[in-house]
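Visitor: Each chain is listed here by its residues.
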Amino acid sequence: MKMKLLGTAVLSAAMAVGVAGQVQADDFPTKPLTLVVGWGAGGSTDIQARVLANVLEEELGQPVNVVNQPGAGGGVALARLANSTDEGYTFVFGTSMTITFGPLSTETTYGLDDFRYVAGVTLGQSAIVTGEDRPFGDSWEDLVAYAQENPGTSYANQTALDRMIIEYIAQREGLDLRIVPTSGGAGMAPLILSGDVDFAYSGGTHSGYAETGEMPVLLSLAEDRLVAYPDAPTLQEAGYDINAAEIRVAMVPKDTPDAHVERLAEALKAATQDERFIEVTEERILMPVTWMPEEEVTQTLRDQVEGYKALLEELGGLPEDE
Amino acid sequence: MIGFDAILNSFAAALHYESIAIILGGVLLGYIVGVIPGLNRAVAIAIAIPLTFYMSAYAAIAFLIGLSKGTAAGSAVSAILLNTPGEPSSAATCLDGYPMASSGKPRKALKVGLLASVIGDLLATLLLIAVAIPFASVALKFGPYELAAILIFALVFIAGMAGGSFLKGLAAGGMGVILGTVGLDPETGAMRLTFGFAELMEGVPILPLVIGTLALAEMFVQLDEYRRNKDASVIKLGKNADDDLSYQEFKGTLPTIFKSTGVGAFVGALPGLGPSVGAFMAYGLAKRSAKDPDSFGKGNPNGIAAAEASDNAVIPASYIPLFGLGIPGSVSAALLVGAFMIHGIQVGPLMLRDHPEMLFTLFSGMIVASLLMLAVGWYGLRIFARVTSVPPHIVISVVIFLCLAGIQVQGYGTFGLVTVFVFAIFGYFLKKFDYSFVTFLVAFIVTPMLEMNLRQSVILSGGEFSILLERPIALAFVVFTVLMVLHLGWTSYRRWMQARHKAKQV
Amino acid sequence: MTDMPRKNFWSGLGVAALAVMLLTWIIPTYGGSGFAFGMQPQRLATLGAWLILGCSIVLTVVSAIALKRRGESIVATPDLGHLWHQAWPFLYVLGFIVLIDRFPLTWVAPLLIGGLLLLLGERRWYVVVLTAAIPTAGLYGLTAHLMRIGVV
Numbered sequence: 000m001k002m003k004l005l006g007t008a009v010l011s012a013a014m015a016v017g018v019a020g021q022v023q024a025d026d027f028p029t030k031p032l033t034l035v036v037g038w039g040a041g042g043s044t045d046i047q048a049r050v051l052a053n054v055l056e057e058e059l060g061q062p063v064n065v066v067n068q069p070g071a072g073g074g075v076a077l078a079r080l081a082n083s084t085d086e087g088y089t090f091v092f093g094t095s096m097t098i099t100f101g102p103l104s105t106e107t108t109y110g111l112d113d114f115r116y117v118a119g120v121t122l123g124q125s126a127i128v129t130g131e132d133r134p135f136g137d138s139w140e141d142l143v144a145y146a147q148e149n150p151g152t153s154y155a156n157q158t159a160l161d162r163m164i165i166e167y168i169a170q171r172e173g174l175d176l177r178i179v180p181t182s183g184g185a186g187m188a189p190l191i192l193s194g195d196v197d198f199a200y201s202g203g204t205h206s207g208y209a210e211t212g213e214m215p216v217l218l219s220l221a222e223d224r225l226v227a228y229p230d231a232p233t234l235q236e237a238g239y240d241i242n243a244a245e246i247r248v249a250m251v252p253k254d255t256p257d258a259h260v261e262r263l264a265e266a267l268k269a270a271t272q273d274e275r276f277i278e279v280t281e282e283r284i285l286m287p288v289t290w291m292p293e294e295e296v297t298q299t300l301r302d303q304v305e306g307y308k309a310l311l312e313e314l315g316g317l318p319e320d321e
Numbered sequence: 000m001i002g003f004d005a006i007l008n009s010f011a012a013a014l015h016y017e018s019i020a021i022i023l024g025g026v027l028l029g030y031i032v033g034v035i036p037g038l039n040r041a042v043a044i045a046i047a048i049p050l051t052f053y054m055s056a057y058a059a060i061a062f063l064i065g066l067s068k069g070t071a072a073g074s075a076v077s078a079i080l081l082n083t084p085g086e087p088s089s090a091a092t093c094l095d096g097y098p099m100a101s102s103g104k105p106r107k108a109l110k111v112g113l114l115a116s117v118i119g120d121l122l123a124t125l126l127l128i129a130v131a132i133p134f135a136s137v138a139l140k141f142g143p144y145e146l147a148a149i150l151i152f153a154l155v156f157i158a159g160m161a162g163g164s165f166l167k168g169l170a171a172g173g174m175g176v177i178l179g180t181v182g183l184d185p186e187t188g189a190m191r192l193t194f195g196f197a198e199l200m201e202g203v204p205i206l207p208l209v210i211g212t213l214a215l216a217e218m219f220v221q222l223d224e225y226r227r228n229k230d231a232s233v234i235k236l237g238k239n240a241d242d243d244l245s246y247q248e249f250k251g252t253l254p255t256i257f258k259s260t261g262v263g264a265f266v267g268a269l270p271g272l273g274p275s276v277g278a279f280m281a282y283g284l285a286k287r288s289a290k291d292p293d294s295f296g297k298g299n300p301n302g303i304a305a306a307e308a309s310d311n312a313v314i315p316a317s318y319i320p321l322f323g324l325g326i327p328g329s330v331s332a333a334l335l336v337g338a339f340m341i342h343g344i345q346v347g348p349l350m351l352r353d354h355p356e357m358l359f360t361l362f363s364g365m366i367v368a369s370l371l372m373l374a375v376g377w378y379g380l381r382i383f384a385r386v387t388s389v390p391p392h393i394v395i396s397v398v399i400f401l402c403l404a405g406i407q408v409q410g411y412g413t414f415g416l417v418t419v420f421v422f423a424i425f426g427y428f429l430k431k432f433d434y435s436f437v438t439f440l441v442a443f444i445v446t447p448m449l450e451m452n453l454r455q456s457v458i459l460s461g462g463e464f465s466i467l468l469e470r471p472i473a474l475a476f477v478v479f480t481v482l483m484v485l486h487l488g489w490t491s492y493r494r495w496m497q498a499r500h501k502a503k504q505v
Numbered sequence: 000m001t002d003m004p005r006k007n008f009w010s011g012l013g014v015a016a017l018a019v020m021l022l023t024w025i026i027p028t029y030g031g032s033g034f035a036f037g038m039q040p041q042r043l044a045t046l047g048a049w050l051i052l053g054c055s056i057v058l059t060v061v062s063a064i065a066l067k068r069r070g071e072s073i074v075a076t077p078d079l080g081h082l083w084h085q086a087w088p089f090l091y092v093l094g095f096i097v098l099i100d101r102f103p104l105t106w107v108a109p110l111l112i113g114g115l116l117l118l119l120g121e122r123r124w125y126v127v128v129l130t131a132a133i134p135t136a137g138l139y140g141l142t143a144h145l146m147r148i149g150v151v
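Protein chains in written order, with numbering that gives the first Met the number 0: chain A, 0 to 321; chain B, 0 to 505; chain C, 0 to 151.
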């Protein structure tokens with residue numbers, strides 16, 4: 000559709016190519032690239048992707064256009080990428096949850112094996128959080144004890160994944176929770192701050208409250224303890240064998256040539272050392288920049304999927320599966 | 000939470016030349032739109048939203064606010080020179096503006112209108128800033144019960160106040176609610192009313208809906224009416240020496256301006272009433288409290304001042320519930336919510352906490368917009384007087400094109416074009432049969448928020464209504480809502496009985 | 000204003016029919032299902048539909064009574080010419096939507112604007128050409144710009 004609209008603007012595209020210069024004859028990339036973001040403009044993934052695109056543009060010597068294809072928690076973008084024959088000229092920058100848990104919780108036209116994972120560049124900081132002055136304080140053990148004695152303790156969920164995790168925990172600890180849906184950090188924060196909900200899932204909103212202490216973290220859902228809350232244990236440390244760590248990855252369709260993947264990976268590696276990318280990620284989005292090469296990310300994602308499958312079996316399927 | 004320094008910084012940001020240029024662009028465009036009869040504020044904002052997509056969030060919102068303020072001031076020009084209000088809300092300005100202009104003092108009339116507009120707007124903006132922040136810090140403590148109750152109250156209130164029949168208003172609100180539930184269910188993830196379209200998964204896309212029901216539908220209505228109104232006579236600005244506004248005369252209108260600003264700000268802060276009501280209320284009040292009520296309607300500057308001050312004061316005041324509670328009380332506020340959403344910001348009390356610099360920069364931007372309005376109006380007097388004579392068929396053709404182009408540039412594709420068309424038909428019927436599209440639009444926009452809060456309330460309370468007893472604010476709003484429905488039902492019933500009575504006598 | 004009761008009657012009837020259709024067919028079939036702790040996925044849409052149904056029935060009944068009191072007939076044959084007058088802009092735009100779907104908007108736009116101007120009785124050629132050309136040029140500039148800064 001867009002191409003039709005721009006039929007007459009080809010001229011300017013040609014100009015853009017000319018400006019970028021440095022076109023290497025038979026070397027990837029020889030034309031502009033498209034970085035697809037599976038979320039709306041203005042979100043943290045989008046903010047990060049736009050800086051990433053700028054850096055990649057310099058590394059690759061070709062314009063990198065950012066396109067938002069929001070929908071289904073990043074799923075719409077992946078469904079389209081799976082059918083792309085663009086050999087790496089179109090790639091998605093998104094969160095691992097879309098590819099690991101998405102196909103398990105909803106019907107999707109894609110699966111883990113439909114993509115290659117060029118690299119992981121950022122570690123998510125999701126967590127289970129609570130508010131100030133709660134009867135159980137800010138320790139996970141006390142919360143569990145409190146919830147065991149008080150049926151109807153409330154939990155605000157945001158995604159199907161955190162819902163599964165909390166249901167698993169509830170089952171193991173024998174809790175009777177009231178699970179309240181919310182949308183995003185903006186929906187969760189008022190519930191926690193006003194005290195209407197006892198504890199909640201948070202994708203990253205809590206990082207902004209680290210200084211004031213208004214949103215203590217009970218559990219880290221990342222692989223390690225959170226940067227801003229080093230006192231809160233991880234899921235594993237609390238005794239739950241779940242790896243729910245979110246990684247921000249760049250993905251291409253599975254039949255992308257090796258040379259293209261390598262070139263992209265090289266550029267991404269350079270981006271993780273670029274000041275602008277580090278600044279926007281660590282200071283604005285408050286997540287640590289990392290570098291995970293293809294094999295490592297792919298293995299981690301595969302392990303996560305296996306872990307989730309096992310969890311789902313233990314839970315007897317999700318309530319969503321009708 | 001936020002220091003004086005931060006406020007100063009935000010003001011400095013608003014005074015940056017880039018941001019001034021953007022606000023100026025918005026005000027200028029708004030002024031032109033306001034001047035052209037038939038192009039109204041809602042149409043302009045609807046087709047400007049796609050333009051702002053590639054600006055930063057602050058620039059986009061500042062542009063749109065400038066635009067909406069500009070329309071309110073610009074509409075006075077055509078009301079005065081053409082006797083046709085550029086916006087429906089300037090109808091009251093015609094009453095004295097046109098007689099004064101036709102008696103050979105168009106420049107004076109325009110200047111009174113402009114000064115009243117700017118003062119009304121500026122004072123109401125200051126009020127917004129003074130009220131919204133304490134309001135928002137209280138509102139931050141509201142939980143799902145309070146928000147659900149307030150949202151329901153606001154919807155019923157808008158349905159009742161937005162003009163036309165209460166029944167039809169509620170029905171239009173119902174349609175907005177149904178359309179608002181389209182998409183993934185927030186709790187179960189079930190697909191609702193998507194009919195298998197992946198595009199509908201995140202809900203009905205707001206831009207095609209808005210452009211369809213507001214802009215394109217309005218153009219169809221205008222095409223329908225085009226053959227009826229042709230060639231109104233435009234009053235030209237002459238070089239008459241005594242056709243200017245003296246300081247004495249201006250001072251004479253000041254009390255009226257202050258009073259009318261108060262009326263407008265009050266009306267604006269209540270959701271649903273809108274600037275027309277404000278302008279006529281202020282006009283009525285000025286006439287009643289004047290020493291020479293007979294001179295009203297014959298070119299009394301106080302008449303123009305009252306109508307314009309109040310008309311312009313309504314706009315910033317209508318953002319009080321928007322920034323304070325996240326509830327849009329007018330069409331332009333509802334459109335702003337849409338623009339905020341597109342830029343990934345949830346408007347409402349949380350803005351004060353999450354994006355305080357944005358909020359303060361916006362407020363500063365609004366003050367800058369008021370001042371720019373004065374400059375634009377003052378120096379552009381002569382040019383805008385000419386714009387009044389742009390013929391409607393050119394406006395209609397270009398706007399239809401802009402509607403389609405806006406959707407296309409956004410990349411909605413064929414799906415978007417069809418959606419726009421369907422909603423244009425829908426909006427056309429809403430307008431033709433006089434169903435309140437304010438209620439429809441506001442209901443559509445707040446439904447996701449309403450549904451989420453209702454759900455949370457139901458789950459948290461375990462389905463027991465007695466929880467309301469522990470929540471006095473929520474309870475109060477539930478009671479208000481019931482009283483409101485009873486009151487509105489009773490007045491419509493009485494009006495109907497009176498009409499029947501009259502019909503019998505005839 | 001005099002035909003308001005009749006308008007209300009027919010629109011009320013139409014809206015009521017729509018609400019019945021929503022309640023009996025569309026919402027139960029497409030409204031989504033699933034187990035929920037709070038509200039069923041269909042709950043709010045159903046409430047909205049009932050609200051519409053209630054309001055429109057009252058509206059229909061009230062306006063029917065008003066029509067009867069005044070001794071006016073419920074049916075007024077619409078003027079065919081008037082109907083056509085109202086309908087052609089929709090068909091015009093629909094036709095161009097089909098065209099936009101096939102061809103780039105920058106090609107179609109001058110025809111869209113120019114054609115409508117001619118239909119509306121504009122005969123000064125320079126007005127037609129300028130009005131058609133300027134917005135199209137603007138669109139072209141915008142798409143070219145967007146392409147260059149790498150958004151689209």
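Hints are computed from structural coordinates only; laboratory data are not their basis.
Don't take every hint at face value.
Covered by chain A, per the in silico footprint, the following chain B stretches (three or more residues, Cβ under 8 Å) [unchecked claim]:
(1) 134-143
(2) 453-459
Label-pair ranges, simulated between beta-carbon atoms [said to hold, decoys possible]:
(3) C:GLY120 to B:LEU139: 29 to 35 Å
(4) C:ASP100 to A:GLU312: 25 to 31 Å
(5) A:GLU86 to B:MET340: 32 to 38 Å
(6) A:GLU140 to B:PRO133: 38 to 44 Å
(7) A:GLY212 to C:LEU93: 58 to 64 Å
(8) C:PRO77 to B:LYS235: 39 to 45 Å
(9) B:ILE424 to A:GLY212: 33 to 39 Å
(10) A:ALA269 to B:ARG381: 56 to 62 Å
(11) C:THR23 to B:ALA129: 48 to 54 Å
(12) B:VAL484 to C:GLY120: 45 to 51 Å
(13) A:GLU86 to B:TRP377: 37 to 43 Å
Don't be surprised by glycine CBs; every beta carbon is placed ideally from N, CA and C.
Visitor: Next step is simple, just say for each hint if it's right about the structure.
Guide: Results of checking the hints against the structure:
no. : hint                             : result
1   : 134-143                          : holds (count 5)
2   : 453-459                          : holds (count 4)
3   : C:GLY120 to B:LEU139: 29 to 35 Å : violated (57 Å)
4   : C:ASP100 to A:GLU312: 25 to 31 Å : violated (47 Å)
5   : A:GLU86 to B:MET340: 32 to 38 Å  : holds (35 Å)
6   : A:GLU140 to B:PRO133: 38 to 44 Å : holds (40 Å)
7   : A:GLY212 to C:LEU93: 58 to 64 Å  : holds (59 Å)
8   : C:PRO77 to B:LYS235: 39 to 45 Å  : holds (42 Å)
9   : B:ILE424 to A:GLY212: 33 to 39 Å : violated (54 Å)
10  : A:ALA269 to B:ARG381: 56 to 62 Å : holds (58 Å)
11  : C:THR23 to B:ALA129: 48 to 54 Å  : holds (52 Å)
12  : B:VAL484 to C:GLY120: 45 to 51 Å : holds (49 Å)
13  : A:GLU86 to B:TRP377: 37 to 43 Å  : violated (60 Å)
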